Amino acid sequence: MSVSRATAAAPGRINLIGEHLDYNGGRCLPMAIPLRTLATVSLVKGGQPRMHSSLDSPGWRAYPLGVLGALNVRIPLSIEIESELPSGAGLSSSAALLCSVATATDTLLDLGLSTEELTEATIRAETEFVGAPTGGLDQTAVMQAQEGHVLGIDFANGQRSQHRLDLQALGMSLMVINTGVSHNHLEGGFGNRRDEAHEAARVLGIEHLIHGDPNDPRLTPTLKKRVRHVVTEQARVDDFTTAMSEGDTTSMGALMDASHESLRDDYEVSCPELDLAVAAAHAAGAIGARMTGGGFGGSAIALIETSSQANLVAEVQRRFAAKGSACPEVFVVRPSRGAQVVALS
Numbered sequence: 001m002s003v004s005r006a007t008a009a010a011p012g013r014i015n016l017i018g019e020h021l022d023y024n025g026g027r028c029l030p031m032a033i034p035l036r037t038l039a040t041v042s043l044v045k046g047g048q049p050r051m052h053s054s055l056d057s058p059g060w061r062a063y064p065l066g067v068l069g070a071l072n073v074r075i076p077l078s079i080e081i082e083s084e085l086p087s088g089a090g091l092s093s094s095a096a097l098l099c100s101v102a103t104a105t106d107t108l109l110d111l112g113l114s115t116e117e118l119t120e121a122t123i124r125a126e127t128e129f130v131g132a133p134t135g136g137l138d139q140t141a142v143m144q145a146q147e148g149h150v151l152g153i154d155f156a157n158g159q160r161s162q163h164r165l166d167l168q169a170l171g172m173s174l175m176v177i178n179t180g181v182s183h184n185h186l187e188g189g190f191g192n193r194r195d196e197a198h199e200a201a202r203v204l205g206i207e208h209l210i211h212g213d214p215n216d217p218r219l220t221p222t223l224k225k226r227v228r229h230v231v232t233e234q235a236r237v238d239d240f241t242t243a244m245s246e247g248d249t250t251s252m253g254a255l256m257d258a259s260h261e262s263l264r265d266d267y268e269v270s271c272p273e274l275d276l277a278v279a280a281a282h283a284a285g286a287i288g289a290r291m292t293g294g295g296f297g298g299s300a301i302a303l304i305e306t307s308s309q310a311n312l313v314a315e316v317q318r319r320f321a322a323k324g325s326a327c328p329e330v331f332v333v334r335p336s337r338g339a340q341v342v343a344l345s
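Quick note on the numbering used here: the sequence shown kicks off at 1 and runs consecutively.
Simulated from the structure, these hints should not be mistaken for laboratory data.
Please note that a few of the clues may not be correct.
To be verified - Here are the computed distance ranges between Cβ atoms for each label pair:
#, residue 1, residue 2, range
1, 218, 114, 41 to 47 Å
2, 147, 58, 30 to 36 Å
3, 321, 52, 17 to 23 Å
4, 161, 250, 22 to 28 Å
5, 49, 169, 31 to 37 Å
6, 275, 195, 20 to 26 Å
Note that the structure is a prediction, hence the values are computed from the model and not measured.
The C-beta atom is built at its ideal place from N, Cα and C for all residues, glycine as well.
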């Protein structure tokens, strides 16, 4: 069949644990979420190429153009974007945009690229064409996630693994608290942490910071803190993987808590609103809560008994109102499927 129009859907993602480990050669545990971005890519016949989007974030056009550049596409195409994902919320809205456009374009033009090749193309699109620093976690998760599973990614050797997570069977819910504080990785915070991590690895003479010693006297006090987060976070990822396989939600929650404390105190990428969201989740009975994503704003996640969902929403509303802050959006997520084609014509 001759195809002139392809629509692909790509999900947002959260990282259960393993923050800032992708560019340090570590292991991470992201999962896709139900909220998604739809990209419709069409051949242009006798008219001008156009791009239209429901996104309200400035500069969004750079992302689909970056995909076309990374795929070396030179023919005129029209691209329409519809997204359920809030931008700047730490839920990988940019990766969903990249991956939906790449998947639709690959199908429309019959490029025959593998999922791995599309993943690499979307990473190049963001780093080389958009100019935003990324370790590749977001694009990998959005492209390769499976329904009902958490994706294990080892950035030292490229290995992938799928880990079943049936929250319903455990009587648990995973809730996202979008603080509404927007982050922008082009503005420097994320890039600064990445530069610090690479500097620490250079000082220590190692390729990947996960193998570093936070007590090495060659490190400055700040770099010692950065290394300590990376090393301890890697241990938490491995322990979380074991706890998840055993259905040990108590240990999972404790590891999430420790991760947030490390991100707040050692990597210093949290913010008052994220800390408030985590505190509210704990007050509502969450067994674990942490910021997710690169930080400096965005979202927190909480693992809580399903029967306590309403308590969490109410406590978040109460605490943010007491601070005079806008009420965050709070919603439940589940492990969802990665990018896929949903319509052809």
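Against the structure, the hints come out as follows:
1. The hinted window of 41 to 47 Å between residue 218 and residue 114 holds, with their beta carbons roughly 42 Å apart.
2. A hinted range of 30 to 36 Å for the beta carbons of residue 147 and residue 58 is consistent with their spacing of about 33 Å.
3. A beta carbon spacing of about 37 Å between residue 321 and residue 52 contradicts the range 17 to 23 Å that was offered as a hint.
4. The hint said 22 to 28 Å for the Cβ distance between residue 161 and residue 250, and at roughly 23 Å that hint holds.
5. A beta carbon spacing of about 48 Å between residue 49 and residue 169 contradicts the range 31 to 37 Å that was offered as a hint.
6. Between residue 275 and residue 195 the beta carbon distance is about 24 Å. The supplied range of 20 to 26 Å therefore holds.
Hint check: violations occur at hints 3 and 5; the rest are consistent with the structure.
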